[in-house]
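Starting from the structure of chain A, add chain B where the hints point.
Chains A and B are the protein sequences, given in the same order. Residue numbering for the first sequence follows our numbering, starting at 1 and increasing by one per position. Residue numbering for the second sequence follows our numbering, starting at 1001 and increasing by one per position.
Keep in mind the hints are simulated off the structure, nothing from the lab. Built from N, CA and C at the ideal position, the CB exists for glycine as well. Some hints could be false.
Claimed, not checked - A few chain A residues facing chain B, derived, Cβ under 8 Å: (1) His-473; (2) Met-479; (3) Thr-480; (4) Gly-484; (5) Tyr-485; (6) Ala-493.
Unchecked claim - Have a look at the derived ranges for each label pair, beta carbon to beta carbon: (7) Glu-676(A) - Gly-1099(B): 46 to 54 Å; (8) Lys-429(A) - Met-1022(B): 52 to 60 Å; (9) Leu-568(A) - Lys-1046(B): 20 to 28 Å; (10) Ala-493(A) - Lys-1046(B): 23 to 31 Å; (11) Glu-1097(B) - Glu-678(A): 49 to 57 Å; (12) Gln-501(A) - Arg-1115(B): 21 to 29 Å; (13) Thr-684(A) - Gly-1099(B): 44 to 52 Å.
Stated by the list, open to error - Heads up, simulated DSSO-like pairs for lysine-lysine below, C-alpha to C-alpha not over 30 Å straight-line: (14) Lys-1059(B) - Lys-464(A); (15) Lys-1040(B) - Lys-527(A); (16) Lys-1070(B) - Lys-1040(B).
Next come the chains, spelled out residue by residue.
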Amino acid sequence: MYLSQYKRETQEITFPLYVRNIKEVQLEPRQLNDDEVSFILRNRRPLSMGSDYFSPDDLRRSLGIRNAEGDVKSYLGVPLISGDQVLGVLAVRDTKRTRAFGVNSQGILTTIAAQLAAAIQNAYLFDRINAFNQELSLLNRNLEEAVAERTEELSEERDRINTLYRITSELARTLDLERVLRRALEMVAHAVNAADGVIMQINPTTDKLHTRAALAFDPHTNESDEVFIHPATALAAALIQEQGTERTILVDDLRSNEHWDASLPGAEAYQSALAVLLEINDDILGVMILLSEEQEVFTQAHVRLAVAAANQVAAAINNSDLYYLIRDQAERLGMLVLAEQEEAQKGNAILEGIADGVMLADANNEIVRFNSAAERILDLPRDRVIGQPLSRLVGLQGRWLMAINQWAQSAEADPQEGFLSDQIEIGSKVVNVRLSPVRTDSQFLGTVLVFRDVTKEFEADRLKSEFISNVSHELRTPMTSIKGYADLLVLGAAGQLSEQQKDFVDKIKANADRLGILVDDLLNISKLDSGNERMLLDNISVGRVLQTVINNLQGRAEHEHKHLNVTLTVEPNLPEIEADPGKITQVFTNIVDNAFNYTYADGSIEINARREDSDHILVSVKDTGIGIPDEFKDRIWERFGRYEEHALVMDVAGTGLGLPIVKTLVEMHKGQVWFESEQGKGTTFFVLLPIEQGKRE
Amino acid sequence: MAHILVAEDERDIRELINFTLMYAGHTVTQAANGEEAYEKAMALEKKPDLIMMDVRMPKMTGYEACRRMKGEADLKDIPVVFLSAKGQDEEIQTGIEAGAIAYILKPFAPEELNRRLAEILQQIGTA
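Bound conformation, chain A alone (with noise of 0.2 Å):
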């Protein structure tokens, strides 16, 4: 008998239970096929053969079974049936024997095979249930280790975020770059175990390395004087000497690395490393190190942790630094802005607080400044002055337009330009203007105009003038009995005077003279200063005034007794001038008279006039006298400028006004007046006079 199992799933037969002749034999596997255990695992029925109707044989060929266990007479299988699924066949056989198996071994089979099938079906259950027991109890065991995997990631990660986050925000929260480095350096050593770290920086300058921050050795506690050097420094050298290739460096056993000198002070305590770069947009700027007492503390999670640490630290750093840059920036300008501040202040408080009125005119003659003195002198407030054309100003001149636009159109500066003075009324004041270009180099910046208030000195100069008329003709009033008494006694009005009475009296005259000339050029300056003495012109012959003069001096010369050859050329058809005949007479009388004074007796004066060009003449009058020495010269045509030396040599009665007279008559018609001189050798007189006078302003 045997016992065979089918597996559905390879169509494979085995033979698990095989009895011949009470002996247990071995069947080899086989697939389903055309024999008698396939016939009926394939139709589910029992099939028995060696019955006394048909021979077994008979039966295989109409049942269709091949390779037939040919060798049994008898044979009973019935199927091994579960459910609905046919599990193997239960056989029995017989090989001497037919008609062996009746219809209760059938029934005997068919309940066996039930209770078999049953049984292996269980059996296969189990089987199942067992494997998939066992395959679900490792799935549960890779879950578990996948879920503790990744909480420690996660747990990891949070950390990292964690502590990141602490050093971000501590190291946003303040630019104290010292004390935030540290802190920092703290939370990081915590978060990867590490008992010392150390952040060190380049110094661009000197490209050195040092130390910013350090936890076991504080560079700003060290009290030695010496510059502070951390062991790791070699470390960090090492590392940013390989930039480009290596970010971090991981040092398991520090002992073993070729970078660390653990003989150095404090270093032999250290085992493992981790060094990071900082750096920003591919500037390295300094290294971070850790550094543990153990070996191989630092993980791939720790330089995970240190680099993005690094990252914020490097971007505090350059934060730090960009801030002193501009808080120097903004230092620096806000000095110069200050400075400049200052500056105009100044120059503000001066403008107001000069005492004349300053104004200030731009390139296009726009007012830009306006001063409180001026607010005054002129009477305009500053608002409505302020931008406004300098036209518009009321008072202003044309001419001063002219000087302006030439000032403006003039490349270079003219060192003859110089300045435009004026004088305006405004109301009862008399206020003195005086316009300057504003310039520098060769660039016109605009105008600026001064004015000064000179009602008073314009007053004090009239009252000046009035005081001095009024005092000159006081003098004249005692000077005429004076003078006509001693004239008298001269005369002998009052008989017959001896030679001393005579000499005294002529003192007497002589200074009375010197007095009268004296207040005669005063008066004369006072109405030439008062600007009332008006031209009374009329067409004179310089020939006859000349005359006129030597014939005067002839006179003077008599009495006092001093011989001078005196000669006057005049040259033929020598056209009249348009002149005021008093005061040419007295121009020529001054300077003839200074001719004689200055020339010993029988020295000569040559008195020359000429035409000098078609609008001009020109009279000379050159006399053998003394001379004008050198350092008096720049002096001749100050008022009361006397050579007092030559004066009191030559015993001359003067006040030092003829010549200041001569210049201010000589000026009113448009002549000029000038010298030459050789001291011992004479003097020569030049006056240079226009023919017409043309239109008078």
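Relative to chain A, chain B alone:
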């Protein structure tokens, strides 16, 4: 020689003029101010040949006296000469306008004064 009426408030100068004119041979009638000069000129039976006046005088200025005299038929033809320390053009102008024929400045030299007077008297035909 001529008869000259002299008006001058300063006594010393009046006497100086008086002496100078008399020294030259003239007859002199003296007055101390413009008013007195006018009154004396009016009162004189025989009118003077020339009137010489200072300008600035109390009571009546020389100009005013001159203007008054020129308004009198008996006096208007007598030449008037001013003798003044005020030498400004305007002063001279005013004097001429008042009717004077000459304006002599102080201080003067006696000889010069007599010379000028001789010229003026010659001009008016009284020499």
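Hint check results:
1. His-473: The hint holds - His-473(A) has a Cβ within 8 Å of chain B, the shortest such distance being about 5 Å.
2. Met-479: holds, 5 Å
3. Thr-480: Since chain B brings a Cβ to about 4 Å from Thr-480(A), closer than 8 Å, the hint holds.
4. Gly-484: Hint on Gly-484(A): holds, closest Cβ of chain B at ~4 Å, below 8 Å.
5. Tyr-485: holds, 6 Å
6. Ala-493: The hint holds - Ala-493(A) has a Cβ within 8 Å of chain B, the shortest such distance being about 5 Å.
7. Glu-676(A) - Gly-1099(B): 46 to 54 Å: holds, 50 Å
8. Lys-429(A) - Met-1022(B): 52 to 60 Å: This hint holds: roughly 57 Å between Cβ atoms.
9. Leu-568(A) - Lys-1046(B): 20 to 28 Å: violated, 49 Å
10. Ala-493(A) - Lys-1046(B): 23 to 31 Å: Since the Cβ atoms of Ala-493(A) and Lys-1046(B) sit about 27 Å apart, the hinted range of 23 to 31 Å holds.
11. Glu-1097(B) - Glu-678(A): 49 to 57 Å: holds, 51 Å
12. Gln-501(A) - Arg-1115(B): 21 to 29 Å: holds, 25 Å
13. Thr-684(A) - Gly-1099(B): 44 to 52 Å: holds, 47 Å
14. Lys-1059(B) - Lys-464(A): holds, 28 Å
15. Lys-1040(B) - Lys-527(A): Not satisfied, since the Cα-Cα distance of roughly 37 Å exceeds 30 Å.
16. Lys-1070(B) - Lys-1040(B): Roughly 15 Å separates the two Cα atoms, so the pair holds.
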